[in-house]
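With the hints as your guide, set chains Y, Z and S with the ligands onto chain B.
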Amino acid sequence: MSSEAGTIKLFFREAIARAVREEMAGDERVIVLGQDVGAFGGSYKEFLGLYDQFGAARVRDTPVAEAAMVGLGVGAAAAGYRPLVSITYMDFLMLGLDALVNYAAKARFKTGGQVTAPVVVKTTAGAKGQGVAHSQCLEAWLMGVPGLVVVAPSDAADAYGLMKSALRHDGPVVFVDHKRLFPTAGEVPLAETFGPIGQAAIRRPGEHATIATHGHMVRIAAQAAERLARDGVSCEIVDLRTLAPLDVATVAASAARTGALVTLEEGQLTCGVGAEVAFRVRESVGAVRVARVGALAAPISSNPVLEAAALPDAARVIDAVRRVLG
Amino acid sequence: MSSEAGTIKLFFREAIARAVREEMAGDERVIVLGQDVGAFGGSYKEFLGLYDQFGAARVRDTPVAEAAMVGLGVGAAAAGYRPLVSITYMDFLMLGLDALVNYAAKARFKTGGQVTAPVVVKTTAGAKGQGVAHSQCLEAWLMGVPGLVVVAPSDAADAYGLMKSALRHDGPVVFVDHKRLFPTAGEVPLAETFGPIGQAAIRRPGEHATIATHGHMVRIAAQAAERLARDGVSCEIVDLRTLAPLDVATVAASAARTGALVTLEEGQLTCGVGAEVAFRVRESVGAVRVARVGALAAPISSNPVLEAAALPDAARVIDAVRRVLG
Amino acid sequence: MDPLATLKSMLLIRRFEAALDARPDRGFQLYSSGAEAVAVGVCAALRPGDQLLSSGRSIGPALARGIDPRLVMAELLGKATGPAGGKGGRGHLAKPDQGFFGAHAVVAGNLNIAAGAALAAQLDGRGRMVACIFGDGAAGAGALHETLNIAALWTLPLLLVCDNNGLSVSTPREAALAPARLSDLAAPFGVPAASLDGTDVEAVRDQAAEFAAQARAGGGPAFLECRSERFFSHSTATRETRSAAAMRGVLERCPIRRCAAKLQAAGQLDAAGLAGLEAEAEARVADALAFADASPYPDPAEALSDVV
Amino acid sequence: MDPLATLKSMLLIRRFEAALDARPDRGFQLYSSGAEAVAVGVCAALRPGDQLLSSGRSIGPALARGIDPRLVMAELLGKATGPAGGKGGRGHLAKPDQGFFGAHAVVAGNLNIAAGAALAAQLDGRGRMVACIFGDGAAGAGALHETLNIAALWTLPLLLVCDNNGLSVSTPREAALAPARLSDLAAPFGVPAASLDGTDVEAVRDQAAEFAAQARAGGGPAFLECRSERFFSHSTATRETRSAAAMRGVLERCPIRRCAAKLQAAGQLDAAGLAGLEAEAEARVADALAFADASPYPDPAEALSDVV
Ligand SMILES: Cc1ncc(C[n+]2csc(CCOP(=O)(O)OP(=O)(O)O)c2C)c(N)n1
Ligand SMILES: Cc1ncc(C[n+]2csc(CCOP(=O)(O)OP(=O)(O)O)c2C)c(N)n1
Ligand SMILES: [Mg+2]
Ligand SMILES: [Mg+2]
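Chains as they are written, first to last, in this note's numbering: chain B, 602 to 927; chain Y, 602 to 927; chain Z, 1093 to 1400; chain S, 1093 to 1400.
Treat the hints as calculated values from the structure; they're not laboratory data. The beta carbon of each residue, even a glycine, is placed where N, CA and C say it ideally should be. Don't take each hint at face value.
[Said to hold, decoys possible] Taking beta-carbon pairs under 8 angstroms as the criterion, some of the chain S residues facing chain Z (in silico):
1. Asp1189
2. Ala1235
3. Ala1270
So that you can see chain B by itself, here it is in the shape it has in the complex (with noise of 0.2 angstroms):
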C-alpha cells in the first residue's frame, strides 16, 4: 500500500487517472475527448477506468483530428465545461494551435471577460525512441502566450495534484508530461490535495549550484547532483513545476545562495526554457553565473545511438555545473 504514512505509491499515470475521476465524480462539467482514452484507457493507460465509471457520454474517443478536438474542448469550454482534451504527442499540438492560441487563450481578454475557457490540453512531450515527429518540447512557445498556463509536473504526486488544479483554473491549461514519467511511481497523498499553480519545488537542497528544470529532467538532474555530490559539489534542484506563470522568485532565491544557475531541458535551447529562466533570474539577483542545457540543435532520431546523442543526460548536466562554478 504505503511506504509513508498518508500516502500511496501510485505509478505517474494512475496519478493522473485518480485526479481526473475525483474531479469527474465531483464536477459534471468535466469531460474527456482525445485518441484512445475510452474503453483503451489512453496510450499510456493514464485514463484507464474512466470509461467504465463514467461512460461514452464523458470519456470520447475522438477520430484522429486534432485541430477539432482541440476547438471542441475549447468551445465547449467557453459554454460552460470544464474539458479534458489529450493530445497524444506535443509534436501533434501544432495541428490544434489555433483554437488554443488564437482562441482560448484570447477569449476572455477579446471579449472583456464575458468568456473563459476552462479547458486542460493534456499532451506528452520528449523522446523516447519514437523519431522526429514524435519527441519535441514546444512548452516554451506556450509560454510566451498570455492567457496560457502551463504546468509540467516530475512527479506522481504533482502528476496528480498539478491535474486537480488544472481542471479547476478558469482559463485554458496545458499540462505538459514526459513518456519516461508514466511508468515512474511516487507516492501520492491519500488526501485530495491540489498543486499549486505557479510555485517550483526545491527537490533537492544544496549550497554551490542551483539547477532549475522541469518534467523528466527533473530525474536526469537529480542523476547529476548524486554524482557530483560524490566529489562534494553540492546542488540544489529546482522543480520548476509550472512553466507559466512561471515562479521566478524561487529559483532566483535559490540562485542568489548558491550564486551558480544551471538550467537544464530536454527541448530546444534557442528562445527555451533556460534562456527565460536565467534572464529573470538575472534581472532580480544580478551577478549569477549561468549556463543552460538542453537538447542538440537537431531534430531527434528514433536511432538509440543518435537519441542518446541528442538529448541531455547527467554527464552535460555535470559539466554545466563544472562551467559555472569555474
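Quick look at chains Y, Z and S with the ligands alone, frame taken from chain B:
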C-alpha cells in the same frame, strides 16, 4: 528616380515583388502560392505584376487552407521546385506548422540528406489595428526549430536582398515582414544583389548602449536613438536581419564596446528573441548590463488606445536605455 | 418572427453599416450589406437559449441576433461601453448572454468552436442548439471536414450556415472550391443540406427553422448554403476588384428590396409604411452613434486586464 | 507486373516483418502484414518516375516499391547503411531516387506533401504521377479535405489510396468516421473514387492502374479505398484490443493465401512452386538481416549532420 548613385527608391512591397520577379525570371522552379496573390497582387501589393508576367501556372491563388498551402509548397520543394508560399498573417501560420516544422524542417535530417525542402514561407507579423488574431509576432517559435532559417528585413533593400537569398537557399526559410513596413520606401541597389543570411547590420553607430532589434522595430529604435542623442546619449542600433541563424558576433562586439544592451521586439518577451540574444551575448562578452523591451504580456487588441498601450514605442525604449545606463 | 420584423432587422443592418462606413474613425471593418437576409433569416429560427457564432463579417449576425445597436456601435468604435469594453472590436463581437456566442476573425476558426458549444448544448439536454455562419472561403478549410464528421458522429445540435457570397477577398468561389454546390460537402457525412438563394429572407428562415427543429429533436447537424451578395469591397482596407457593370448586377440582388416588394405585393406594406421603417432604422442608428460618441475610450490600463 | 511477381512481393513483406518482429533490438515498429495487397497492388500500377508516399506504416509500401530489403532492414534497425543513414528509421523510410518519396509518421501529414509532389510532377509535364497511401484514421483529418479540393481544382496527378483496415489504434472506423464508405468523401469534389477489397491484389492493381492512367492523361486525382486487415496489434508498443475469435476472422482474410490459391486454381502455381517462392523470400530476408547486422550504427556525431 534615384537619390543616391546606383540605387532606386522602392517601396518595401515593390522590393519584394522585384526580388521574386528576378528569381522567377531566372529559375523556372520558383513559383508562388497564396491567397489573392494572382491578379489581385497580394494583400499589400507585394506580388503585383507577377501574375501578368508569369501566368496562372506559376502564380497560383489558393483556397483559404493554410495547412495545405504550406504542405503543397513543402512537397513541391522536396520534389525539386522552389515555391514561395504566402501566409497572409503570421497568426495563420499556426495552421501550417505541421508541414513546416514536422516535415520541412526535418526533411533533410530524417532522410540523411536525400531530400531538402527549399520553400520560402513569406508571412506578415505585427499589429496594425486588426486585433487579437491578426497581430502576433511568432518569430521566436521558429528560431527554436532546427532546420529553419528565419529572416526579418527592416527596409526595402533587405526585403529585396534577403528575399533573393531566401529563394536560393537549399532549405526551408521563413521570411517575416511587417504590416507597417510595406508602405515604407528605401533605396535599393539597381544591380542584382543578395542579402547575406546570418549577418546583422549596424544601422546607427553609437557609444553608450547597443539596441538589438529586427523588422519594424528597427524604426522605433531609430526614433528612440534620435531623441536620446539630443540628451547626449549615443545608441548603436544593430538590425539582426536574420533571426536564425543568429549573428551573435555582431551584437556581442557592439555590446562589448558599449557595455550596455537593450533588446527590442514587438512580440512577447517570454522566451522571445531578446531572451535569446541576451543569453548568447552574455555568454560571449560576460558582464554587460541588459534590458529587454517587447509587447505587454497580453493579447493585442484592435482598439487604438489598447493597441498603442500594448506595443513597444520609443518612450519605452528610451526608459530601457536609461535603465541599463543606470 | 413576422415578415415586418425581418424587414426591420435587415434595414437596421444596412443603415448601421452605411452610418459606420461614413465615420472617419471607423478603422478596419467588414460589412454584411447584401447578406442581411442570411443572418436575419437564420436568427429568425433561433430561440433565446440558442447560440450564434459567425465569421469576422459579424455586424449582420450581431444585429440580427438582437444585440443592442448601441453596444455594437460602441464596440466597433472601440469604446469602453461595448460588450467587450472595446477590446474585441471588429471581427470579435460577442454577447453570449444574449445568444451571440461571438465572431471570430480567423477564417473557419469558429467551426469547431461552434461544434464544442453544440456539444455543451447536447450535454445540457435542454433542447438548445447552435448555429455558425461562415463564408464560402471557409469551405476550403479542413476545419469544415473535421467539424462535419464529428458533428455527424455525435449528432450534435449544430446548424452550419455557409454565407456564400461567391468571393474570398478577390478570389471567386469557382477558383477556390471544386464542389459544384458547397452544400454537397455535407452529403458524405449523411448530414442533411440545402442550398438556396440567400437574398430571400423567408426561404432562409423557413429552411433554418426546419433544420433547427431537427437539431433540437436530436436529429443532429445540418448544412445550409445561402447564396448571397457582398455589396461593399471585402473590407474597408481592400480595393474593389469587380467592374462597375458587375457591381450593378450585384446590387440588383438586394434582399431588402426583395423583401419589401414582396410585402407590398401582398398588401402588408405600403410606400409610407416602408418609409416609416427606414426612418425608424435611421433613428436607431443615430441613437447608437450618439451613444458611442458619448462613450469614453477604455483606459490604457485595460490593455492588461482580463488576460489570465 | 505478372501475378507471380505480386505474390513474391507480398511474401517478402510478410516474411520481412516476421523476421524483424523476432528481433529483440527492433524497437518501435508498425507492420503492414494483412495489407500487403494494398501496397503491392498500387506499386504494380506505378512507373519508375512516379513517386509513392505512405503513412508511418511503411514497410509494405517501401518493399512493394522495390527498395532493397537490405536497405530497409538496415534503416529500421538504425544502421548507418540505411538510405537515411539510420536517421529516419521507423515511420520515416525514404528512397526518392527509386520512387519512394517517403513515409511520414504524422497521421494525414503526407497528404498535402503528396499533393505538392504531384504539383511538381504536373509542372514537369513528363506524365509522372504520385500515389499516397494513408489509413482510415487519416480520413478524419482536415488535411484530406484540403488536399482533395486543391488536387481537384488543379487536376493534380495524384492517387489517394486509403488503406482502410477498420482501425485507428483501438478505435473502430465506425466510431471515428461518419461516411458510409470512405471513398464517398471524394464525390463532392468530383474526384473519381472506388472502394474495393484490399486483400485482392489484382483488384487493387487493376483499379490503381486505371486511375494512374487517368492521372497521367491529365484527368486529375482519384481516390481508392482498399479494405484491408491489420494482422498485428497497432504497433510493437501497443496492446492488442481484438478478441482471439475476432483475430481468427481477421487472419482468415489473408491477401497472400488468396493470391496463391487463385494462382494455383489457375494452374499458374503448384505447392512446390509456392514453397519455392516462400524459401526465396526467407532467403532475401535472411540476407537483409545479415547485411544489417554487419552494418555499423551511425557515429554519434551524425546527430548534428544534415540539419540545415
Ligand atoms: C485562416 C485565415 N486565413 C486568411 C485570413 C484572411 N481573410 C480574412 S477574411 C478572408 C476571406 C474569407 O472569405 P469568405 O470565407 O468567403 O468570407 P467573406 O469575406 O466572403 O464573408 C480572408 C482570406 C483569415 N482571416 N484567416
Ligand atoms: C496527427 C497525429 N495524431 C495522432 C497520431 C498517433 N497515431 C499514430 S498511428 C495512429 C493510427 C492511425 O490510424 P490509421 O490512419 O487508420 O492508420 P493505421 O495505423 O490503421 O495503418 C495514430 C492515432 C499521429 N501519429 N499523428
Ligand atoms: Mg465569401
Ligand atoms: Mg487504420
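Checked hints:
1. Asp1189: It is violated, given that the least Cβ distance between aspartate 1189 of chain S and chain Z is near 32 angstroms, above 8 angstroms.
2. Ala1235: At about 6 angstroms, which falls below the 8 angstroms cut-off, the nearest Cβ of chain Z leaves the hint on alanine 1235 of chain S intact, so it holds.
3. Ala1270: Check passed: Cβ of alanine 1270 of chain S comes within 4 angstroms of chain Z, closer than 8 angstroms.
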